[in-house]
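Residue numbers (this note's numbering), protein chains in the order written: chain A, 1 to 290; chain B, 1 to 313.
Please note that the accuracy of each hint is not assured.
Each computed SDA-like pair below joins lysine to any residue, with the alpha-carbon atoms no more than 20 Å apart [claimed, not checked]: (1) A:Lys64 <-> B:Leu153; (2) B:Lys7 <-> A:Lys64; (3) B:Lys7 <-> A:Ser126; (4) A:Lys179 <-> A:Pro109; (5) B:Lys124 <-> A:Val253; (6) B:Lys124 <-> A:Gly28; (7) B:Lys53 <-> B:Ser36; (8) B:Lys7 <-> A:Pro109.
No lab work stands behind these hints, which were simulated from the structure alone.
Values in this document were obtained by computation on a predicted structure and should not be read as measured data.
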Amino acid sequence: MSAVLPAALPREATPARRALRRLMRRRGAMLGLAIVVMFVVLALFAPWIAPYDPVATSWSAVRKPPSLQYLFGTDEIGRDVLSRVVWGARASLLAGLVSVCISMALGVPIGLLAAYVGGWTDSLISRFTDAMLAVPFLILAIALAAFLGPSLSNAMIAIGVSATPIFIRLTRAQVLAMKVEDFVEAARAVGNPHWRIALRHILPNVLPPLIVQASLAIAAAIIAEASLSFLGLGQQPPAPSWGSMLNTAKNYVDNAPWMAIWPGLSIFLLVLSFNLLGDGLRDALDPKHK
Amino acid sequence: MLQYFLKRLAAIIPTVFFVTVIIFGLQQLLPGDAASVLAGENQDPEVIAYLQKKMHLDEPLPVRYAYWISGVFHGDLGESMRIQQPVLDLIKEKLPVTLQLAAMAMLIALLIGIPAGIVSAVGKDSAWDYLANVIALWGLSTPNFWLGILMILVFSVQLGWLPASGYISPFEDLGANLAAMIMPAFVLGNAIAAVLMRHTRSAMLQVLNADYVRTARAKGLNERRVVLKHALRNALTPIITLGALEFGTLLSGAVLTEQVFSIPGFGKLIVDAVFNRDYAVVQGVALFTSSVYILLNLLADLAYFVVNPRLRG
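With the rest of the complex left out, here is chain B:
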């Protein structure tokens, strides 16, 4: 166990290194010097010189990377040039909002995707299977920002049931918070539900043909018990791991969903940063999301290892 863990951990190091190289390298894409971009329209030579010094732009590239990475390891993701606040503080401030959205979206995705996958696997080639596949294809092909706009049109404008935008902290008013979050969570969860459904279906189909399922049936267990207890439990492991990996999709999707519903989260942070040319924030957010993704990936691997005794060998 420990040996496997250490091996996995060691494999992550080069990945993390390259992630930092890629994100640091983004700066090099800026047309011209980062300092003159930041200096704005005045292009005051003194300001440019000051910024160049401050950002170590007068040093060679590897040295600048070293400065940057040592800052990152000390929890310093740079400072937002616009609001003069450390990037890490901004992330900490916005993250809970997005986490709530992502958790709700994942819950919705699991509640729709897994039952739909089971139903379509059990009734393979039935009308239900067909319907579930059509819905999954629809879920995968609908841009989530369009779905968001359509839902606002139906549930806010036409029916007036839910607020079209605005975010209220759950600690202030939980009801209002949920009312504001349910549409974005559904929009975000919908595409993942489709992915989960497809994977649940294929995992279940595989398991339903396994010998132990046939044995369970031969013992005379009722079908419901066979499917839910014997088959699902074994099919669920790869699905849960996959769920962890869908985190990347969730964060990408959150950028658009938060934009549609004006939710002040992580996604809004990166979009605002892009338009304010607040490059340190863009880099910080990208680095943060990738690190979380790598970490989740590791945890999913370990979980897989723990629940699957055959891998321990």
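Next up, chain A with everything else stripped away, as it sits in the complex:
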């Protein structure tokens, strides 16, 4: 320890830095992060990475098994499965990110409001949250997507809205606990206005659990988007998405199993890596929780 330079100490002392170091020590979380980054690269550079046009059909290459020419094989109308898997990363990542942004944009302010204002506002919001949680997540998402009409953006809205109550509840619980802390009391005592206490003093302190939840919610949203697309309520054909690829693949299991392997494996890997990342973040950001 004597080798540590005194000058290095203050730099390491911030909680964020310490959390980051704890996170980097978790092999699972780092593996998760690496896979997520890989998929992000695939999604961003899809036009250059994908060997073929993902929607170009070829009647001379229908349901061809994996080969050097088509690494993942081709589908029922001769489209390259690898190219569709690469492009499909866009729909999945987009759905994961956008729906969780919607959930947080709605859930965090509402939860903050409920906990900070209390009283009738809180009761009303809490009962409404209970009600939303009483409708099973996917059923609510299906119902919302059904009424909004099938499309990727509507699926993202449906998933985002369905996942909102989790964020309302979490924010509310965290803020309630934070509200009675001494530093909040102090901020109030020096005469800070309410909005400033809520936004500057409370919100930053409830962020860590929200970040953890967001990472796990992205995993859930990716599965939900794949599920909705599998049912035909998400990304519309011929645009590629892993869920809708599996929907077609299920009809050809007996003679073109490769159509089902790759998109499913991609969903699994991406969801797994967000789950790993979320678990790692939880351990890193909240050492008390175990």
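We have chain A already, so just place chain B on it with the hints.
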């Protein structure tokens, strides 16, 4: 007891009210008027006018809600526009299939999840613990419709042991029914097994450190008896309650599983309804599932209260 029960019951009323508001409100999301959506491609003005009258679309929103909710309380969930059958009858017809699937899935989840949780808690940080956690993570990350397709690939296409799809009533041929249901039940139960395993593990870890477990050990009881009799019994209560709450996951999962294995249950009902734009059925199914969920939640709370004397105070 009665007082607690009444208090819990009273707390449910606003929740149920908001659930009905949300589900009724779904209609408002339809692009344009529900009547013109239902009138189909012809858009016959007479048909639209008739539908508007029939669905009370000419009335203000709260009045329409009142019509709808009074129907719901009389057991009228509306009528399927497509097959001209009351929604409640459709639900009654499809529900037993899904209930069988859900019960089998829950059984599988309990049989895998609880023993796995006990083993990994008892052997914390051992290879078994590690393995159980890896499997749980796998179970939580695998989309169940993909697992379903993979199982069809292995057990139906490659090995030819089980039918890939098709449903036979257990009253017709129990063997064939079970053969058709075992794969979907496993697919559905697998994710819940993972959740149960994680919770059993943490509940057991907590209990295994409790004083009375140490006392039991100090008395010289063998470890097997300590774990199964003293620890598990106390750890099981929260797990059972959790099991009841996983019902929502079961029904959500059933929608996809039934789609993969072509099982004519509840999930298939809502998916078909979505594609036939049979909105009353979608609303009916959503309302029905939420009500059952709220009811189970209440029962789980009461069960918890009954088995835990400390709460009675």
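Going back to the hint list, which numbers does this structure go against? 2, 5, 8
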